[in-house]
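> One letter stands for each residue in the lines below.
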Amino acid sequence: MAHKLSIFRGLVTFKSNIQKIWGVLIFLSIVTAVEVALGIIKPPILLAPIMGMKGLNWIFIILTLVKAYYIAWDFMHLRDEKRSFTSSIVLPLLILIPYLMFILLIEADYIYDVMFNGFLSWNF
Amino acid sequence: MSSTVANTGVDNQTWGGGNAPLKASYGKMMMWFFIVSDALTFSGFLVAYGFSRFKNIDSWPIADEVFHHFPFLHGVNAPMYYVALMTFILIFSSVTMVLAVDAGHKMDKSKVAVYMFLTIIGGAVFVGSQAWEWKNFIKGEYGAVETRGGQILQFVSADSGKRIALEDFATTQPTDRTQNTSDKGIWFVKESSLPSFTVAEVQQGFLANADLRIKTEMIDAETGHKIILDRAASESKVAQAVYVVEGANLIRNEYGNRLFADFFFFITGFHGFHVFSGVVINGIIFFNVLLGTYERRGHYEMVEKVGLYWHFVDLVWVFVFTFFYLV
Numbered sequence: 246m247a248h249k250l251s252i253f254r255g256l257v258t259f260k261s262n263i264q265k266i267w268g269v270l271i272f273l274s275i276v277t278a279v280e281v282a283l284g285i286i287k288p289p290i291l292l293a294p295i296m297g298m299k300g301l302n303w304i305f306i307i308l309t310l311v312k313a314y315y316i317a318w319d320f321m322h323l324r325d326e327k328r329s330f331t332s333s334i335v336l337p338l339l340i341l342i343p344y345l346m347f348i349l350l351i352e353a354d355y356i357y358d359v360m361f362n363g364f365l366s367w368n369f
Numbered sequence: 656m657s658s659t660v661a662n663t664g665v666d667n668q669t670w671g672g673g674n675a676p677l678k679a680s681y682g683k684m685m686m687w688f689f690i691v692s693d694a695l696t697f698s699g700f701l702v703a704y705g706f707s708r709f710k711n712i713d714s715w716p717i718a719d720e721v722f723h724h725f726p727f728l729h730g731v732n733a734p735m736y737y738v739a740l741m742t743f744i745l746i747f748s749s750v751t752m753v754l755a756v757d758a759g760h761k762m763d764k765s766k767v768a769v770y771m772f773l774t775i776i777g778g779a780v781f782v783g784s785q786a787w788e789w790k791n792f793i794k795g796e797y798g799a800v801e802t803r804g805g806q807i808l809q810f811v812s813a814d815s816g817k818r819i820a821l822e823d824f825a826t827t828q829p830t831d832r833t834q835n836t837s838d839k840g841i842w843f844v845k846e847s848s849l850p851s852f853t854v855a856e857v858q859q860g861f862l863a864n865a866d867l868r869i870k871t872e873m874i875d876a877e878t879g880h881k882i883i884l885d886r887a888a889s890e891s892k893v894a895q896a897v898y899v900v901e902g903a904n905l906i907r908n909e910y911g912n913r914l915f916a917d918f919f920f921f922i923t924g925f926h927g928f929h930v931f932s933g934v935v936i937n938g939i940i941f942f943n944v945l946l947g948t949y950e951r952r953g954h955y956e957m958v959e960k961v962g963l964y965w966h967f968v969d970l971v972w973v974f975v976f977t978f979f980y981l982v
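Quick note, the sequences are listed as chains A and B, same order. At the far end of the first sequence sits residue 369, using the working numbering, and the numbering has no gaps. At the far end of the second sequence sits residue 982, using the working numbering, and the numbering has no gaps.
Think of the hints as simulated: they come from the structure by calculation, not from any bench. Just so it is clear, CB atoms sit at the ideal spot from N, CA and C, and this is done for glycine as well. There could be a bad hint or two in this list.
Pair by pair, the computed Cβ-Cβ distance ranges are [what the hints assert, rightly or not]:
#1 A:S329 with B:T948: 40 to 48 Å
#2 A:S329 with B:G699: 25 to 33 Å
#3 A:V311 with B:T696: 20 to 28 Å
#4 A:V311 with B:I841: 54 to 62 Å
#5 A:R254 with B:T696: 27 to 35 Å
#6 B:E720 with A:I290: 17 to 25 Å
#7 B:L862 with A:M296: 44 to 52 Å
#8 B:S680 with A:Q264: 20 to 28 Å
Based on the sequences and whatever the hints tell you, model everything.
As structure tokens, then:
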């Protein structure tokens, strides 16, 4: 079975599939270590809100998606599958999950406003 | 006699069912579509968690204050380190799984067995770690009181801002109140175990210790820390307590919002169940490898399929880790 052995859009190419696995492991470990370090240090400059959320949280979410990409593409070897098969797996998730998030988080924000501005006291 | 249904005699007919337009076998494709549906289930849970969190955005518990234990380091405040370790364990067991799949492509039976075994060990260690995490979460460390409105009030020292456990200041008063069990009164009426202290004992102890303050659920928007009341406000607040909370269960928890513990139990529990079933399925495949089932079949695709499931479990943990512990 032929494996595609390049990651980072061909920036890094490995000699064998086993080497690629270890390379991806090192990359994922570095990303996790960065996340943990940021989570412990919490640099004040990153705590400023960007688009309604702390900048640090955006970094965490983006790094998580990066990790998810490499787990799916290299560990679950979606990179080696046919393009149409990959799309049939990834596209439903890429469409449905952001849609659900969009609806529920906006609704939750609205409920927060109602409870915050309402005439009832919730804190007693 | 073949044990598979691969040879149906239609391999050369384009429209007869022998064609694989996506170049993936039936079993592998169905594993992938199961994973897609399971991913939607998990995203439903995580988005529901996000919903509750956005709804209570100014009072949600702060993960660092809840998860700060590390094995053999008692009393040391070590947020994040333990879950980070769990994450590494799971990623590493994912790697041994890929190595098993790779060895399977090369029809190397002994290597597949070794790597499968390592994967199972990693999974078992992870489930054990999660059990320990649950134990700490359920047991709690400091205790708190709850008001009539369901707000959790924690106790902190005015000097250090550190949390103070109930047993460090609560007085003991004589009480006749004991746990009601079904053999003591009406046979169908019983209650769960009582907290170690009564509300009156906690209140009296609080009034006797001038150093104590109340930490509320509310978050200060500027500092990002929970708001600590001054002494006068603390005293009037503690008078409103109606219930002593120690640790966590599905109804109330000492960390803050009730939904927090519910989502913690539900999401990490559902994920832990996936890891557990993954370990069991890996075990079955491992024994099949040892028995030479796939050697006789001529390919190790079953290892690949179970590997997909295992990586998916890892993938879900990456998201649970982010949304429960980091964000």
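> Now tell me, hint by hint, if it's right for this structure.
Checked hints:
Judged by the Cβ atoms, the range 40 to 48 Å given for A:S329 and B:T948 is violated: they are separated by roughly 31 Å. At about 27 Å, the beta-carbon gap between A:S329 and B:G699 stays in the expected band of 25 to 33 Å. Judged by the Cβ atoms, the range 20 to 28 Å given for A:V311 and B:T696 holds: they are separated by roughly 23 Å. Under the hint 54 to 62 Å, the C-beta atoms of A:V311 and B:I841, about 59 Å apart, fit the expected range.
Under the hint 27 to 35 Å, the C-beta atoms of A:R254 and B:T696, about 32 Å apart, fit the expected range. Restraint check, B:E720 to A:I290: a C-beta distance of roughly 23 Å satisfies the suggested window 17 to 25 Å. Distance hint check for B:L862 and A:M296: the Cβ-Cβ separation is about 46 Å, which falls inside the suggested range of 44 to 52 Å. Taken as a hint, the range 20 to 28 Å holds for the pair B:S680 and A:Q264, whose Cβ atoms sit roughly 27 Å apart.
The structure does not agree with numbered hint 1 stated previously, though it agrees with all others.
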